[in-house]
Amino acid sequence: KNEVEQSPQNLTAQEGEFITINCSYSVGISALHWLQQHPGGGIVSLFMLSSGKKKHGRLIATINIQEKHSSLHITASHPRDSAVYICAVRANNAGNMLTFGGGTRLMVKP
Amino acid sequence: DAGVTQSPTHLIKTRGQHVTLRCSPISGHKSVSWYQQVLGQGPQFIFQYYEKEERGRGNFPDRFSARQFPNYSSELNVNALLLGDSALYLCASSRQGAYEQYFGPGTRLTVT
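Those protein sequence lines, which keep their order, are chains A and B.
When you line the first sequence up against this note's numbering, it's residues 2 to 111, in that order.
When you line the second sequence up against this note's numbering, it's residues 254 to 365, in that order.
The hints are simulated quantities; they were obtained by calculation from the structure and are not laboratory data.
Note that CB positions come from ideal geometry on N, CA and C, so glycine has one too.
Pairs of lysine to any residue, SDA-like flavour, derived with a Cα cap of 20 Å:
| id | chain 1 | residue 1 | chain 2 | residue 2 |
| --- | --- | --- | --- | --- |
| 1 | A | LYS54 | B | GLU353 |
| 2 | A | LYS54 | A | ASN65 |
| 3 | A | LYS55 | B | TYR352 |
Here are the in silico distance ranges between beta carbons for each label pair:
| id | chain 1 | residue 1 | chain 2 | residue 2 | range |
| --- | --- | --- | --- | --- | --- |
| 4 | B | THR262 | A | HIS57 | 25 to 35 Å |
| 5 | B | SER280 | A | ASN3 | 30 to 40 Å |
| 6 | A | GLU16 | B | HIS271 | 46 to 56 Å |
| 7 | A | MET108 | B | PRO323 | 37 to 47 Å |
| 8 | A | VAL45 | B | THR363 | 22 to 32 Å |
| 9 | B | ARG310 | A | ASN93 | 14 to 24 Å |
| 10 | B | ARG310 | A | GLU16 | 35 to 45 Å |
| 11 | A | HIS57 | B | SER260 | 24 to 34 Å |
| 12 | B | ASN324 | A | GLY17 | 41 to 51 Å |
With the rest of the complex left out, here is chain B:
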């Protein structure tokens, strides 16, 4: 089975622009979580979605939003990009009721 996939792999945007990152979970996994990892730091939780509903939100501004589709894939949207949004964005999926999370390779976003 394919693992968690994310697209794009790398992305360069300008301040003020909008970005959409995509994640496809492992087949059978209904929960998707998004994390931001700034260079040199551990990941920070952004959102968790389960069965297309938001189940958790980290301490991020409203410029960050996400959604989950009927096929359990997910999008993370960031509006009005700031230089500080430059980071590796990680997606992780897990089965219903289980805690083991499987991480995707990440999308590296650079904001100039």
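Isolated chain A (complex conformation):
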């Protein structure tokens, strides 16, 4: 079993829909990252969380440390949100090393 599991693996939505991507992990962590990867490979860091909730524009990320679970929400989705969204955790005592989930491929149709 992978240390970081994401669901769903693939997601297709209509423009304007509310989207939720989930991430579960099995180890104690000091931080969790949500990353966005567009075709071509470049990765952009969206959020880094250690507790609670963060919001940036139409994106919201939450984390429940006790349940070892995080969610990424996209409100009023748009075709330009189409990308792979990756959850990554920094395990306790792992320095700066990140362990990644397999990613969620999101396609938003107009």
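On the provided structure of chain A, position chain B as indicated by the hints.
This is chain B only, laid out in the frame that chain A set:
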């Protein structure tokens, strides 16, 4: 400020050859991490360097090595290339003591 830069962008090598990938961190960042991303999967940690010393190593064979230079740029070397080494190699930099990592655009390596 420029972001993390990597070179080359794309590379095609033959089995058994050697490859060197390069990464320049964001100015002021002293930590560089390398990741391998095979098509369709999430990235896998290879190495982390901080202040020119190896601070972490993932589950990769000894064919993989890296180093960090006094200007904090880094090289990833892979010897005796295998077909399975074909992947996107990502470099990320971060400041001293901080956890936010900034990723470069990656080097796509194809081994034929």
